[in-house]
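Chemist: For the sequence shown, the working numbering gives the first residue as 59, with consecutive numbering after it.
These are calculated hints, taken from the structure and not from any lab test. One thing to keep in mind: the hints can contain errors.
What the hints assert, rightly or not - Dumping the calculated DSSO-like pairs for lysine-lysine here, alpha-carbon to alpha-carbon at most 27 Å: (1) Lys665 - Lys600; (2) Lys500 - Lys400; (3) Lys718 - Lys690; (4) Lys718 - Lys730; (5) Lys391 - Lys690; (6) Lys730 - Lys690; (7) Lys500 - Lys407; (8) Lys407 - Lys391; (9) Lys243 - Lys131; (10) Lys600 - Lys730; (11) Lys730 - Lys714; (12) Lys665 - Lys730; (13) Lys690 - Lys714; (14) Lys131 - Lys205; (15) Lys391 - Lys500; (16) Lys690 - Lys665.
Said to hold, decoys possible - Cβ pair distances, simulated, as ranges: (17) Leu201 - Glu579: 46 to 54 Å; (18) Ala352 - Met326: 33 to 41 Å; (19) Arg375 - Ala446: 24 to 32 Å; (20) Ala236 - Arg622: 45 to 53 Å; (21) Thr153 - Leu607: 31 to 39 Å; (22) Ala523 - Leu607: 37 to 45 Å; (23) Thr153 - Ala605: 29 to 37 Å; (24) Gly84 - Glu235: 53 to 61 Å; (25) Arg566 - Ala501: 17 to 25 Å; (26) Gln415 - Ala446: 13 to 21 Å; (27) Arg566 - Leu392: 28 to 36 Å; (28) Ala501 - Tyr372: 27 to 35 Å; (29) Thr153 - Asp706: 50 to 58 Å.
Backbone N, C-alpha and C fix where the C-beta goes; we use that ideal spot for every residue, glycine too.
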Amino acid sequence: MSESLAGFSWRKRPLSLRAEIALGFGVVIALMLALGVAFYLSEQRSSVAIDKLLNSDNRMADLSLRSSLAMYKAREAESELLLSADRLGVAEASTRSLPAMQNHLLDMREYLASLRIVSTDPRFRDQVDRIEAQTRQYENGFLAFIKQHGKEGNLGAARASRQGYVDAAVAIESSVEALHTAASKRALQTRSDVARAASFSRWAAIAMIALAAVMGVVIARIVSLRITGSVTQLIAFSRRVASGDFSARAQQGRDDEFGILARAMNQMAESIENSNVLLESSADTLKHQATHDALTGLPNRALLEDRLKQAISYADRYGRLMTVVFINLDGFKLVNDSLGRKAGDDLLKVMAGRMSQCLRSVDTVVRTGGDEFVIVLYDQPGDGAEIAPALRRLLEAIGWPIQIGSQAVQVTASMGVATYPADGADVDALVMNADAAMSRAKASGRNTFRFYASEMNGTVRDKLAMREGLRNAIARGEFHLVYQPQLEMSSGQVIGAEALIRWNHPERGLISPADFIPLAEETGLIVPIGEWVLRAACFQNKAWQHAGLPAFAVSVNVSARQFRERTLIEQVARALAESGLEARFLELELTESLVMEDLESALLSMKALQGMGVQLSMDDFGTGYSSLSAIKRFPIARLKIDRAFVRDIPEDEEDKAIAKAIISLGHELNLKVIAEGVETEQQLQFLLANGCDEMQGYLFSPPVSPTELATLVRTCSGTAHRLSALSASMRG
Numbered sequence: 059m060s061e062s063l064a065g066f067s068w069r070k071r072p073l074s075l076r077a078e079i080a081l082g083f084g085v086v087i088a089l090m091l092a093l094g095v096a097f098y099l100s101e102q103r104s105s106v107a108i109d110k111l112l113n114s115d116n117r118m119a120d121l122s123l124r125s126s127l128a129m130y131k132a133r134e135a136e137s138e139l140l141l142s143a144d145r146l147g148v149a150e151a152s153t154r155s156l157p158a159m160q161n162h163l164l165d166m167r168e169y170l171a172s173l174r175i176v177s178t179d180p181r182f183r184d185q186v187d188r189i190e191a192q193t194r195q196y197e198n199g200f201l202a203f204i205k206q207h208g209k210e211g212n213l214g215a216a217r218a219s220r221q222g223y224v225d226a227a228v229a230i231e232s233s234v235e236a237l238h239t240a241a242s243k244r245a246l247q248t249r250s251d252v253a254r255a256a257s258f259s260r261w262a263a264i265a266m267i268a269l270a271a272v273m274g275v276v277i278a279r280i281v282s283l284r285i286t287g288s289v290t291q292l293i294a295f296s297r298r299v300a301s302g303d304f305s306a307r308a309q310q311g312r313d314d315e316f317g318i319l320a321r322a323m324n325q326m327a328e329s330i331e332n333s334n335v336l337l338e339s340s341a342d343t344l345k346h347q348a349t350h351d352a353l354t355g356l357p358n359r360a361l362l363e364d365r366l367k368q369a370i371s372y373a374d375r376y377g378r379l380m381t382v383v384f385i386n387l388d389g390f391k392l393v394n395d396s397l398g399r400k401a402g403d404d405l406l407k408v409m410a411g412r413m414s415q416c417l418r419s420v421d422t423v424v425r426t427g428g429d430e431f432v433i434v435l436y437d438q439p440g441d442g443a444e445i446a447p448a449l450r451r452l453l454e455a456i457g458w459p460i461q462i463g464s465q466a467v468q469v470t471a472s473m474g475v476a477t478y479p480a481d482g483a484d485v486d487a488l489v490m491n492a493d494a495a496m497s498r499a500k501a502s503g504r505n506t507f508r509f510y511a512s513e514m515n516g517t518v519r520d521k522l523a524m525r526e527g528l529r530n531a532i533a534r535g536e537f538h539l540v541y542q543p544q545l546e547m548s549s550g551q552v553i554g555a556e557a558l559i560r561w562n563h564p565e566r567g568l569i570s571p572a573d574f575i576p577l578a579e580e581t582g583l584i585v586p587i588g589e590w591v592l593r594a595a596c597f598q599n600k601a602w603q604h605a606g607l608p609a610f611a612v613s614v615n616v617s618a619r620q621f622r623e624r625t626l627i628e629q630v631a632r633a634l635a636e637s638g639l640e641a642r643f644l645e646l647e648l649t650e651s652l653v654m655e656d657l658e659s660a661l662l663s664m665k666a667l668q669g670m671g672v673q674l675s676m677d678d679f680g681t682g683y684s685s686l687s688a689i690k691r692f693p694i695a696r697l698k699i700d701r702a703f704v705r706d707i708p709e710d711e712e713d714k715a716i717a718k719a720i721i722s723l724g725h726e727l728n729l730k731v732i733a734e735g736v737e738t739e740q741q742l743q744f745l746l747a748n749g750c751d752e753m754q755g756y757l758f759s760p761p762v763s764p765t766e767l768a769t770l771v772r773t774c775s776g777t778a779h780r781l782s783a784l785s786a787s788m789r790g
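All chains should be modelled from the sequences, with the hints used to inform the complete structure.
Modeler: Given below as structure tokens:
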């Protein structure tokens, strides 16, 4: 009796929650495994045959597509050969492109042969045979056309051969496309058949899932009756936490799974409470980052408007002044380009600290970007007597030398001042007018400040009007080119010409490049303008050659913005192709600073241009900051001595020494040296005496129209004789 009671007691003992869930889901899993095994055995019987069928059809579709792609590549190689035949000659073009074309045709034949092996349908095999025959006809016809191409007297035969192989190519493309379409349809049909065959399997899977879902619902219902009370308590706790009461805690009296869960949720609530404190702190940090410059720690442009509005409101309320100072660092770009971006960043941080130290705590220093700062002088007296002394202190502090690494550098600042309410009634007007005053300070020699005056708005309006006119100048045909001839010192013969752009404005007349080129650089319009100059110079040089002038190179200046564009090489190639000018008669003039901005990228572009046959020269040599190790890597043909070093020869000994050094360096590097800005006989004699190879300047001719240049070239025998005689006398 006692044993039976013990057994009954054991059977009535309740299972733990974990055991109940494990038992219930164990039944579901066992059922799913049984159904899965049955499903697997039924599927296994047909899977091998289905896979083989699908692989065969997919392989046919893939091979037909590869055949089509191979034919497309063969046509590309054919086009490349024909395009380069006129430029390189048939033999050279065939050597370069014909093997690639034949290899693509060979690949196509291999794909078709594989397709014939894979296919069991006679129709596919017949179609493959027709394509192979057409391929032989296309290849033989093209080879026959190449042999006749360019030969005199074979024009009719060449046209017939071309039409024959083109018709064969069109037939091949149509046949391959039809083959691919048929193979793709066959593969799709096979997949459809397989899908229908698998219908029973899908229904079996659906039935298995439905049965498992029913069992899961039943078990979930049973388990829910066991755990509803504890879950209700935990839900109430969770709602308190979700509403923001992170101090809420669940009861932890039980030792079962719910007790463990309650303890874990209490730990979670405590972690959330701690995280909330951290998030509030992080929000303050993010707000600071959004309104302050990451490099200098100063307020940024986003905070400037708010500070200005506060200062304007205070000035209105108490009848005081508020001053905006727009600051641009003079010489910052030189430091950044020559010493690197890190040195520039270090300089900006030092400048930010100096400006902040010079001002009162109520004033605000803002970095708006690059080397530009805006200062808000808060609560100024009505007479503005404190503004000028504060600005002088700023100029003095900014101008102190700075040690960056091993290099001592010194920069200055140009400042523009606008005062509220006299110089602007709102934030935008004050900042714009202070910017205009800063531009006037920079134009006045830099390292100074200027107060805003109403006439400065006229300058701003003129700049905006010129910018708008510049956008339409190309379309309206307002640009034209003039050319300054370049002479060989030893013979006096014209060996080149530099193309120089001029803008004939319909209202303002002739505008100097010094006035509109910087604006074009600033707006990005220099890119389409530079492309126009390139095309116009190439067409003009070709026109001179057609007119019977001796062939010489025309030089075109390339701006920094234009050189950085990825399309420059394409623009050069297009200009040469459309004008018919040989690449060796085009020279691109680059500056040292342009190349040194990104040396490795510049070298890649220069080598690509050199590979096309275009000549490269280094303009304004001696005014930049390139190193000798960099210069020897430049694929250039000429060095151009800047006019700044020629202008004061022979009086200035330093300029004479620099010119001699450039000539000597150029000759050591096997480069031609040309001097620009030659205007006097004394300059000419000095350059001749020191071995300068070429010259250009007003001594021979100013920039002239294309017609005038042609006349100069034809009638320059007197100059040639004079230079030759002068050169001979110096050698004697």
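Chemist: If a hint holds in the structure, say so; if it does not, say that too.
Modeler: Right, here's what the structure says about each hint:
1. Lys665 - Lys600: Given that 27 Å is the threshold and the Cα spacing comes to 24 Å, the pair holds.
2. Lys500 - Lys400: With Cα atoms ~25 Å apart, Lys500 and Lys400 stay inside 27 Å; holds.
3. Lys718 - Lys690: Within the cut-off at roughly 18 Å; holds.
4. Lys718 - Lys730: Holds, because 14 Å separates the two Cα atoms, which is no more than 27 Å.
5. Lys391 - Lys690: Within the cut-off at roughly 25 Å; holds.
6. Lys730 - Lys690: Answer holds: Lys730 to Lys690 is near 14 Å, not above 27 Å.
7. Lys500 - Lys407: Measuring from Cα to Cα gives roughly 22 Å; hence the hint holds.
8. Lys407 - Lys391: Roughly 15 Å between the alpha carbons, so the hint for Lys407 and Lys391 holds.
9. Lys243 - Lys131: holds (25 Å)
10. Lys600 - Lys730: With a Cα-Cα distance of about 24 Å, the restraint between Lys600 and Lys730 holds, given a limit of 27 Å.
11. Lys730 - Lys714: holds (18 Å)
12. Lys665 - Lys730: holds (19 Å)
13. Lys690 - Lys714: holds (23 Å)
14. Lys131 - Lys205: holds (22 Å)
15. Lys391 - Lys500: holds (14 Å)
16. Lys690 - Lys665: holds (13 Å)
17. Leu201 - Glu579: 46 to 54 Å: Holds: the Cβ-Cβ distance is about 53 Å, inside 46 to 54 Å.
18. Ala352 - Met326: 33 to 41 Å: Given range 33 to 41 Å: holds, Cβ gap about 35 Å.
19. Arg375 - Ala446: 24 to 32 Å: Distance hint for Arg375, Ala446 holds at roughly 25 Å.
20. Ala236 - Arg622: 45 to 53 Å: Holds, since Ala236 and Arg622 (Cβ atoms, about 48 Å apart) stay within the stated range.
21. Thr153 - Leu607: 31 to 39 Å: Holds, at about 35 Å.
22. Ala523 - Leu607: 37 to 45 Å: Holds, at about 40 Å.
23. Thr153 - Ala605: 29 to 37 Å: holds (36 Å)
24. Gly84 - Glu235: 53 to 61 Å: holds (58 Å)
25. Arg566 - Ala501: 17 to 25 Å: Taking Cβ atoms as reference, Arg566 and Ala501 lie about 19 Å apart, which means the hint holds.
26. Gln415 - Ala446: 13 to 21 Å: holds (19 Å)
27. Arg566 - Leu392: 28 to 36 Å: holds (32 Å)
28. Ala501 - Tyr372: 27 to 35 Å: holds (33 Å)
29. Thr153 - Asp706: 50 to 58 Å: Holds, at about 56 Å.
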